[in-house]
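**Student:** Residue numbers (UniProt numbering), protein chains in the order written: chain A, 1 to 115; chain B, 1 to 562.
Treat the hints with care, as some may be off.
On the chain A side, residues computed to face chain B include the following (Cβ under 10 Å) [as the list claims (entries may be wrong)]:
1) Ala50
2) Val77
3) Leu79
4) Arg91
Don't read these hints as lab results, they were simulated from the structure. It should be emphasised that the depicted structure is a prediction, and the values quoted were computed from it without experimental measurement. Ideal Cβ positions, reconstructed from N, Cα and C, are used throughout, including at glycine.
Residues per chain, in single letters:
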Amino acid sequence: MPKAPKPQLVSANDLLEGHVLYLGREGVWTTSRQQAAVSTDKDELDALAAKASATRQVVDVAHVEVTLEDGGTPRPVTLREVIRDRGPTNRPDLGRQADPTLLQTGSEAEGTAHV
Amino acid sequence: MYSYDEFDRTYVKDRVATFRDQVARRISGALTEDEFKPLRLQNGIYLQLHAYMLRVAIPYGTLNSAQMRQLAMIAERWDKGYGHFTTRQNIQYNWPKLVDLPDILDALADVEMHAIQTSGNCIRNVTADHFAGAAKDEIEDPRPAAELLRQWSTDHPEFAFLPRKFKIAVTGAEEDRAVTRAHDIGIQIVNNEAGEIGYKVIVGGGLGRTPVVGVTIRDFLPKEHLLAYCEAILRVYNLHGRRDNKYKARIKILVMEEGLDSFRAQVEEEFADLLERHHGPSLIPDPAVVERIEQAFAPPAFETLPDTDDALDARLTNDPAFAEWCQVNLTEHREPGHTIVSISLKPVGEAPGDASTAQMQVVADLAERYSHDEVRVSHEQNLILPHVAKRDLPAIYDALKGAGLATANINLIGDIIACPGLDYCALATARSIPIAKDIAQHFADSAYARTIGEMKIKISGCINSCGHHHVGHIGILGLDKGGKENYQITLGGDHTQDLQLGQRLGPGFDAEDVVPAIERLVETYLGLRQDKDETFLKAVKRVGIQPFKDALYPPKESARAA
Numbered sequence: 001m002p003k004a005p006k007p008q009l010v011s012a013n014d015l016l017e018g019h020v021l022y023l024g025r026e027g028v029w030t031t032s033r034q035q036a037a038v039s040t041d042k043d044e045l046d047a048l049a050a051k052a053s054a055t056r057q058v059v060d061v062a063h064v065e066v067t068l069e070d071g072g073t074p075r076p077v078t079l080r081e082v083i084r085d086r087g088p089t090n091r092p093d094l095g096r097q098a099d100p101t102l103l104q105t106g107s108e109a110e111g112t113a114h115v
Numbered sequence: 001m002y003s004y005d006e007f008d009r010t011y012v013k014d015r016v017a018t019f020r021d022q023v024a025r026r027i028s029g030a031l032t033e034d035e036f037k038p039l040r041l042q043n044g045i046y047l048q049l050h051a052y053m054l055r056v057a058i059p060y061g062t063l064n065s066a067q068m069r070q071l072a073m074i075a076e077r078w079d080k081g082y083g084h085f086t087t088r089q090n091i092q093y094n095w096p097k098l099v100d101l102p103d104i105l106d107a108l109a110d111v112e113m114h115a116i117q118t119s120g121n122c123i124r125n126v127t128a129d130h131f132a133g134a135a136k137d138e139i140e141d142p143r144p145a146a147e148l149l150r151q152w153s154t155d156h157p158e159f160a161f162l163p164r165k166f167k168i169a170v171t172g173a174e175e176d177r178a179v180t181r182a183h184d185i186g187i188q189i190v191n192n193e194a195g196e197i198g199y200k201v202i203v204g205g206g207l208g209r210t211p212v213v214g215v216t217i218r219d220f221l222p223k224e225h226l227l228a229y230c231e232a233i234l235r236v237y238n239l240h241g242r243r244d245n246k247y248k249a250r251i252k253i254l255v256m257e258e259g260l261d262s263f264r265a266q267v268e269e270e271f272a273d274l275l276e277r278h279h280g281p282s283l284i285p286d287p288a289v290v291e292r293i294e295q296a297f298a299p300p301a302f303e304t305l306p307d308t309d310d311a312l313d314a315r316l317t318n319d320p321a322f323a324e325w326c327q328v329n330l331t332e333h334r335e336p337g338h339t340i341v342s343i344s345l346k347p348v349g350e351a352p353g354d355a356s357t358a359q360m361q362v363v364a365d366l367a368e369r370y371s372h373d374e375v376r377v378s379h380e381q382n383l384i385l386p387h388v389a390k391r392d393l394p395a396i397y398d399a400l401k402g403a404g405l406a407t408a409n410i411n412l413i414g415d416i417i418a419c420p421g422l423d424y425c426a427l428a429t430a431r432s433i434p435i436a437k438d439i440a441q442h443f444a445d446s447a448y449a450r451t452i453g454e455m456k457i458k459i460s461g462c463i464n465s466c467g468h469h470h471v472g473h474i475g476i477l478g479l480d481k482g483g484k485e486n487y488q489i490t491l492g493g494d495h496t497q498d499l500q501l502g503q504r505l506g507p508g509f510d511a512e513d514v515v516p517a518i519e520r521l522v523e524t525y526l527g528l529r530q531d532k533d534e535t536f537l538k539a540v541k542r543v544g545i546q547p548f549k550d551a552l553y554p555p556k557e558s559a560r561a562a
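Put together the whole structure using the sequences plus the hints.
**Tutor:** Shown next as structure tokens:
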């Protein structure tokens, strides 16, 4: 029996600055993971990404598997994507985790030391 | 130190100008990412997990103080206030912005540095013994040969698109501190029976997913034939190296598949052809060029000094921490009254190889004032002041201590090599830095570390082996096992002239179980060593891995794991 498709979002890096971006529900690239478009339909996400490419130059576009928290916020599943989302675990002063406006609430505020 | 001539200067500046134009065209959309990516890689720029990464070449790991200050300035102005020194004697910046990279490369060019050939399937930055020109066991300074190879290999049109990347290391000493047997080509300076100085040439070594110990292809090569012989090796590799499979494309695979005798015969034929029939004269370096290079690396004007110093002796008597640092971090220098200072970039709690802007500035100041304006970067991710008068040690130690750089752990268990791992690297499968930090923290008691004695722990966060785990006395390889970090442990690796690959002990460990495992290995060693002079590696060589395997996998656990 085929496995049910898992929820995904689309992520990339900003061309100019290199930092991590997410494809938002409005079809624009955003630094906010909460606003990321999540779908089990890869084609739907790809169509949204194609629309977004006109708004901001990005590189290394990739699908990222996520789970949805109670509030609906998508959270990356793999350690690689968790670290990519937050920053290096040995330097909490660096990366997205260093910017409070990009941090999530609840369980994610605990950091990645024990992910 | 080698200084650029007008050709070098113009060449590097032109490359920056070209890249500035390429960046502008990428930003304007005139170049696609597919078109731009190989261009940025040719300038040492990768895209990692969080940002771009710039890898700067430090030829043979040698810097002057102006260059080190410029590296510090770049870290402060365009990055996050630190740089990461690597196992190939380079420095990497983890956070540059694309728009700033042309300015960064321009700033590097101002101090005769660049990032050319720090990426891609070309001949990479040539590395060398970090004690070059200072070590007592040295036959000859390896850097003139390394510089000659650098000039020959830079922008070499025939070798710009090899089957895979190609790394060359040179050593001039009996003790191999440059890991030459784990390079595509290793060059060792030797004397022949007639007392002439030449090169032993080693080929086909490498770590990565298929670790191979390099083999000697030539016992003695006359010095003037260095470039021709390397050109012959590269030609055979370029022609026959596999391009159908990235994982079988390194020269080590070709040498293994062909067999050394067959590979050597092809190289010798090509070598003879190069010398005798075609372009030979161009591959015999102009003696004037060689002379200029050798002069650039002539020993500094050392003072004539007694081998002891009263003030130093008094400090050694009265300051145990200073005495410990001197005991651990100094290496014998060829000149009386002088010493080699290793500056550990492995303080407890920090990532191996990281140095802040302020620390780089302190090292630059110390090099300028006390070490004939020279700094070295070691493949073990430490910095070296190669030419220090012993009388200056107290002042140097005090300055290092003030900068958090006086950790006395060189060659001890806290002196760990670790690649950036999954905290930064897009290729990594597990984290390296937190494992290194946990081990360093656990063994932070310096008395215990000295009781253990010489210990080389090397950690890689993936099979590509940037952390040299295959040649660690204890090697740790981080992998992804079902979505969880898992660490395999190898034992008995040796990075020296007796290069040996470690043997895997058994199933891997979860991250939190690595430190207890290392502790069990250490306790096993301390329990079975014959005396204090029997180092961990010697003990492993004497008794084999079984006692250590038993310590990690008691019979009951072994049965369950099977």
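**Student:** Next, verify each hint and record whether it holds.
**Tutor:** Against the structure, the hints:
1. Ala50: violated, 15 Å
2. Val77: holds, 8 Å
3. Leu79: holds, 7 Å
4. Arg91: holds, 8 Å
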